[in-house]
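Here are the chains, one letter per residue:
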Amino acid sequence: MSPAPADPLEYKPLDGGWGWMVVIGAHISIGFAYATPKVLSIFFNEIQQDLGSSFSEIALISSIMLAAMYAGGPVSSAMVNRFGSRPIVMLGGLLCGVSMITASFGTSIIYLYFCIGVIGGCGLSLNLNASLIIISKYFLKRRPLANGLAMAGSPVFLCVLAPFNQYLLVNFGWRGSLLILGGLMLHCCVAGALMRPVPLPCKPPSYALEKTVEEQPNSGNTKLKKRFVKNAKKFLDFSLFKDRGFVIYLIGSIMFIFGAYAPIVFLSAYAKSQGVEEYSAAYLLSIMGFVDMFVRPGTGLIANSKLVRPRIQYFFSFALVFNGTCHLLCPLIKSYAFLVVYAVFFGIGFGMVFALIFECLMDLMGSQRFPRAVGLVTIIECFPMLLGPPAAGLLVDVYHDYKYLFLMCGSVILTGGLFLFVMNIYNYHMLDKERQKQVRASEVEMKLTPQAGTGQTEPEAKERNVALRDPENTETTD
Amino acid sequence: MERELCLSVCVIQLWMESATRKLQGDTRAASLLQLKGEGGGLVVLLHDAASRETRKRSSERPAHRGDRGIIIMSAIRKQLSFQILLLFISCRNINTKTLGATAPPLDPTAPLQKLERSYVLKGDSHTEKVELLNPVSLVLMCTWTGSQNKPTNITGFWSKDGKEIENSRVTVQLENKQYNLKRTFSIASEADLGSYSCDFGGEAKINFVLAVPQMGDERDKPIVSYLGDSVVVPCKLDDSKPTPNTWNWYRANETGKEQIIAGQKFSIKNDEKKTKLVIHDLTADDSGLYYCGAVYGVGITMGRVELKVISFFEPLKPFIAILVEVIILVAAILLYEKSRSKKDYTAAGNGATDQTNTLSSGENNGPEESSSMRQRKV
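Each protein sequence line maps, in turn, to chains C and D.
All residue numbers for the first sequence refer to the numbering used here, where the first residue is 1 and numbers rise by one.
All residue numbers for the second sequence refer to the numbering used here, where the first residue is 1 and numbers rise by one.
None of these hints come from the bench; they were simulated from the model.
Everything hinted at is true.
Quick list of the computed label-pair ranges, beta carbon to beta carbon:
| # | chain 1 | residue 1 | chain 2 | residue 2 | range |
| --- | --- | --- | --- | --- | --- |
| 1 | C | Ser286 | D | Leu289 | 29 to 35 Å |
| 2 | D | Glu175 | C | Gln166 | 58 to 64 Å |
| 3 | C | Ile264 | D | Ser339 | 44 to 50 Å |
| 4 | C | Thr325 | D | Thr145 | 54 to 60 Å |
| 5 | C | Lys334 | D | Asp285 | 52 to 58 Å |
| 6 | C | Glu278 | D | Lys150 | 44 to 50 Å |
Everything numeric in this text was worked out from a predicted model, so none of it was measured.
Even for Gly, the Cβ is constructed at its ideal location relative to N, Cα and C.
Let's have the full structure, built from the sequences with the hints guiding it.
Written as structure tokens, this is what we have:
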């Protein structure tokens, strides 16, 4: 029915040049997105005293911010698809800045929930998704490295903002600090300015079709319903669930997120219960962050190598297994020296997983479907992220022993890793079979119409195959 | 204790007055000055006596002798009441000058609570901390196992805060290969707290440090707040320490500490082991050191908090600087891009007609579909 399938990537990604400036922009943007909810906790004591509320009410600010950041994913992805990354990141930066500035005038806790939690969280979600999407557009061959470098923003900004916030607090109080922090977050606008738009591949037939469908006059309920469904589909694309690889990835990452954050939250408390003094216990987290900073680009570099790139999903499952084992071994540790070693290994494992978590999704989905996929993944990840630490805390309260927390987190992550490993073997096997079918089909075609073979590298061929499997790609039939 | 002292002084003075009156032959006035019980009783007695005096005066009607008697009576009464008034005023002043220690009025006849502390020293010296809440009668017992050579007698003495206590030197006998020193101390006020040491002939020493429960970690960073705002200054006692009787707040000024009274500007909220001082309508003068004192029976333990009041312009200046920097960076990046794309556009325009550069869409808000076309890289 259709002509020869068009090259889905109608442009060759830059893989360098201005792409590295985009990586810097993404680094800043992602750094603020992940670090801000954590470093705000430095102000909580002061805010709690001035506003006279309990600690759990104050800690809710951070949770609301994280929830808004993850839940805003689909909206952010849809907006990026429409307008491109640059305006969205600049809008996100503006929202974050405004949220902090207005929060500095706050006199009630509800006001802070709204300003920092809702508005700030929305700004951060716009930043996060847009940065990831533009990396997938600018890079292909060097994408794991670019991802590793961009995701390294999170520990870097955490290590920089934490002492800086302390300094601000001592000199300006919490109101002045929030004001200045708002100014700093405006640097996300600078990051956005760096994200030069990449020309989208033009799909005249399908795009025109969509336009005509939307522009038809609104006559009758059925047309309205169709439009509503189509709009909803733009935000949450449930057809992605038909993709085997996507479902496997989703289950694995849900299990990881559930067990990932609790050890961080409780590490210093566990160290104190083992007899370590308070400053040394807090130091453990900084060690972890510091190690994380170097592991993420390093993992990106390894993942980029010829050996690992084709089997990157195995590398991801290895990282999960490593992380889980680390947590399972933690209860055996009693002395401070070994806790430091644990913190180092924890940092390595955590960094590896986070450097790969979005790279693997890009690898599975391809740059066409990635925006929709990442929106869906972030909103689904919202739930394990919010449930994980309280569930772990419940374990601690019931058993009065931290070892069960580590055992639970470790076992959940380990199971997720093993699940991913096994299911990916199956998935690659099935993908191989499908590819062989296609090769045979195109061989038949080539015999009929000789064409010059396209000199594609392996990742490019993979992108093509992935795009060919995209049900929304109307130019091929599966 | 001051009050007891004062009352006893009053009693002594009045007794002396009565004695002089007796010597002067004025028995009636002398009988007036009988003290019954506490100061309150004294006043009543005098009042009674005064009223009796007036009644007596009215009943007596002798001519000139009575008149002279009356004059003498009224003069003596006036003098006495004036003296008594003076004494009471001075007594009351002594009471109010004590700094804040609102200890409950102690029954002078009740014995102090007894407390014993002892320590067996094996080496050269040791320091033991003793936490006291209320006035006690403290018995300190020191035992020393002795050095290499154990002489039968050594001289032991007690010292407080480094200074030897008078008449405390005793000869200590060697009993069961040990030397023992024991002494009872009456710890009734803050002045009695300190470091008490028993010294065995200058060779071994045990220090007992008597103190009220100390405040936990003091925050060394100041609390920062803004002009016109209100701030909450907290103070917290560690959970392991006992609950104080009450909390006081003090403000440091040139001459020491001045107690803060709750009113329109300050409000104090006490909650067992925590206390909060709320200061409204901050001004620049409110900056400085504030002390919270946890009041126990035997003394007050102090915590220190520093308050810094700044104007809103202070954080505003760095904020404006950052804002300007961000605007400059964004403008620079966008202008650079525009100039670069213009160059590419003019270069491309001279080339093949097929090629159109889409990167000229450097504007922020233009939707990409409208200006993008298929680009083929050479």
